[in-house]
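Visitor: Chain order of the listed sequences is W and X.
End of the first sequence = 525 in this note's numbering, gap-free, step of one.
End of the second sequence = 201 in this note's numbering, gap-free, step of one.
None of these hints come from the bench; they were simulated from the model.
These figures come from a predicted structure and were not determined experimentally.
You may find that some hints are simply not true.
[Unchecked claim] Okay, the calculated beta carbon distance ranges per label pair:
1. E101(X) / D191(W): 40 to 50 Å
2. E157(X) / D191(W): 34 to 44 Å
3. A332(W) / D153(X): 47 to 57 Å
4. G151(X) / G322(W): 53 to 63 Å
5. E121(X) / K295(W): 53 to 63 Å
6. D153(X) / E361(W): 41 to 51 Å
7. A188(X) / E398(W): 46 to 56 Å
8. G175(W) / R71(X): 54 to 64 Å
9. R195(X) / P161(W): 20 to 30 Å
10. G324(W) / L98(X): 45 to 55 Å
11. E232(W) / E95(X): 14 to 24 Å
12. E361(W) / R71(X): 46 to 56 Å
[As the list claims (entries may be wrong)] Stretches of chain X that chain W covers, calculated by requiring three or more beta carbons in the stretch to come under 8 Å of a beta carbon on chain W:
13. 56-68
14. 167-177
Built from N, CA and C at the ideal position, the CB exists for glycine as well.
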Amino acid sequence: MSSKVTIDPITRLEGHGKVDIFLDDSGNVERAYFQIPELRGFEKFAEGRPAEDMPQITSRICGVCPTAHHMAATKAMDALYHVDPPASAKKIRELIYSAFFVEDHALHFFFLGGPDFVVGPTAPKAERNILGVLGKVGLEVGKEVIGLRKQMRDLISLAGGKVAHPVFGLPGGVAKALSAEDQAAFIAGAKHAVEFGLFSLQVFRDLVLTNEEYVNWITSDTYTHQTYYMGMVDGNNKVNFYDGQLRVVGPDGREYVKFAPADYLRHVAEHVEPWSYIKFCYLKGIGWKGFEDGAGSGVYAVAPLARLNAADGMATPRAQEAYEEYFQTLGGKPVHHTLANHWARLIEMLYAAERMVELTEDPEIISPTVRTLPIATPDEGIGVVEAPRGTLFHHYLSDAQGLVTKANLIVATQNNAARIAMSVDKSARGLIKAGEVNDGILNMVEMAFRAYDPCHGCATHALPGQMPIKISIYDQRHELVREIRRDG
Amino acid sequence: MPPILILGLGNDIISDDAAGLLVARMVREELAGVADVVESSLSGLALLELLLGYERVIIVDAEGTGQRPPGSITEIDPAALDALIAPSPHYAGLPEMFAIAEQLGLDFPKEIRILAIEAENLSEIGGPVSEAVRVALPEAAARVTEMARGWASQD
């Protein structure tokens with residue numbers, strides 16, 4: 038009998054972000070599907086609106102990473118209006134963006150990845166949550182995470198204004214220069230962030246790397262895929278979140294292509310599957326060969342694991358040390374283990390913190406010249422940044438008055454969608470045997486996609502309700518046989 | 047600041063997701079001096095910072111349970127929420143916040159009420175607010191106002 042198991046985190050939207058697992062006659066996994074919802078209508082909504090409104094509008098489509106959308110759209114406006122911001126404005130943008138990375142990565146590791154790794158993948162369900170994490174690392178660390186996050190948010194407000202959505206980015210620069218007092222606050226915050234980054238890496242060493250079972254999970258075949266990796270790099274092929282070229286390395290770790298973000302359509306294409314709302318990105322030059330590993334398949338990954346693989350190193354000293362330790366420990370480049378995303382995320386957090394120090398100590402950061410006024414006729418602009426969850430593309434065309442005629446976004450999770458689908462399928466196959474599906478097993482399937490931190494639709498801002506997971510088992514005629522609810 | 051916060055959650059460019067924000071706008075003037083009225087599109091633990099320092103909070107939000115007719119207004123008791131495993135930080139919600147605030151001894155509200163308005167469409171950017179949700183807004187606003195005034199008269 039063929040049956041279907043559904044892992045369905047019921048959020049504000051019924052049926053979103055769910056996993057369907059089809060079992061064969063013997064109870065093993067025939068195929069598992071991960072579905073991510075798509076937010077519809079953005080392109081249509083953007084049409085006819087002033088292009089310069091896009092940084093504000095797109096920052097409203099996601100309650101988690103408004104700063105990433107704001108930054109990608111702002112860079113697209115620079116291109117659309119053919120204006121090059123002053124160096125000081127670029128530094129202020131990168132500084133704000135680095136602060137955003139620190140708080141986002143810190144939150145993810147301690148509050149989301151933490152339950153899986155600090156507490157443990159097979160720990161009792163009742164402990165596998167943020168309280169379990171606090172129990173392991175101590176309440177002081179919890180206060181520290183909340184405090185650091187608040188400090189980063191306050192710094193972002195200092196530079197960008199205390200408003201619900203970021204408004205600092207303008208075509209050709211930023212809205213406000215930094216004062217010497219602002220700079221002092223940033224220096225203090227940046228140094229605090231570096232300390233926290235070092236501390237977090239030590240937590241990872243102490244609680245994860247010393248645990249043989251965890252390390253075995255990280256390096257197990259169940260959570261491993263050999264794909265291409267994409268990430269933004271600076272002129273020295275070091276990781277950069279704000280600007281640079283996009284570099285793609287193959288499963289062997291060698292550079293496959295490096296291109297200017299404006300050329301993305303020559304390199305990235307989208308594949309449609311009947312069972313999913315999301316379009317799966319792949320490398321055009323390789324082609325779509327299905328959900329397959331290897332150099333012959335166009336599937337690629339983005340986000341921390343991919344960024345570290347796609348670069349030759351980190352541009353700051355402590356992060357570079359951590360980068361070397363990471364690859365030495367995990368057997369050299371590239372690292373194909375999906376769960377290593379958590380470690381890579383901490384290395385990136387340290388880099389973002391060190392980069393904050395560099396930028397804040399640069400005398401140019403308080404230059405009063407923060408904008409080049411656009412004078413050219415607007416036409417087309419592409420802006421790309423590395424969001425915490427991976428490469429984010431914004432692309433707009435406008436008429437001569439600057440009204441949008443066409444818009445296209447590729448969000449991080451779309452870039453990762455094919456590999457996430459493969460990870461869920463493979464982990465389900467590796468973990469579910471002879472029809473045995475329990476809470477621990479389902480959690481370990483979920484770990485496969487949690488490592489990527491997929492964004493389940495950019496609309497979600499909160500869930501004032503329960504987060505149960507629904508498991509539906511269907512017979513081969515797809516009639517409901519059994520339903521299990523996992524309430525949190 | 048007043049000890050009461052009305053927090054409208056949502057997104058005014060995504061169809062019925064605007065509901066919480068629209069209710070906040072409807073009560074702002076009437077509750078001036080009684081409560082702070084804040085609109086936010088933020089998610090998860092980012093909301094923690096908004097709540098700190100208030101004694102009592104009413105959260106107004108859209109929900110998409112699919113179990114109730116669109117426009118239904120449901121009052122949710124946060125104490126009844128016990129889900130602590132968020133599948134993503136996007137959904138790290140109130141249960142996490144309560145737990146963290148309590149464990150860390152933060153200055154968290156002693157009472158939180160949630161009014162949830164069942165939505166018809168939560169996934170279309172630029173889509174209209176549905177008729178069912180639109181007609182439910184005045185009642186939601188009236189309930190928020192009544193609750194806030196009730197609290198204010200107790201103190």
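Visitor: Now tell me, hint by hint, if it's right for this structure.
Guide: Taking the hints in turn, this is what the structure says about them:
1. E101(X) / D191(W): 40 to 50 Å: violated, 23 Å
2. E157(X) / D191(W): 34 to 44 Å: violated, 27 Å
3. A332(W) / D153(X): 47 to 57 Å: Cβ of A332(W) to Cβ of D153(X): about 55 Å, so the range 47 to 57 Å holds.
4. G151(X) / G322(W): 53 to 63 Å: Holds, since G151(X) and G322(W) (Cβ atoms, about 56 Å apart) stay within the stated range.
5. E121(X) / K295(W): 53 to 63 Å: This hint holds: roughly 56 Å between Cβ atoms.
6. D153(X) / E361(W): 41 to 51 Å: Given a distance of about 43 Å, which is inside 41 to 51 Å, the answer is holds.
7. A188(X) / E398(W): 46 to 56 Å: 55 Å Cβ-Cβ, so the 46 to 56 Å window holds.
8. G175(W) / R71(X): 54 to 64 Å: With Cβ atoms ~43 Å apart, the hint is violated.
9. R195(X) / P161(W): 20 to 30 Å: For P161(W) against R195(X), whose Cβ atoms are near 45 Å apart, the range 20 to 30 Å is violated.
10. G324(W) / L98(X): 45 to 55 Å: At 52 Å between Cβs, range holds.
11. E232(W) / E95(X): 14 to 24 Å: Given about 22 Å between the Cβ atoms, the range holds.
12. E361(W) / R71(X): 46 to 56 Å: Holds, at about 54 Å.
13. 56-68: Check passed, 6 qualifying residues.
14. 167-177: Since three or more residues must qualify, the claim that chain W covers the stretch 167-177 of chain X holds, with 6 doing so at under 8 Å.
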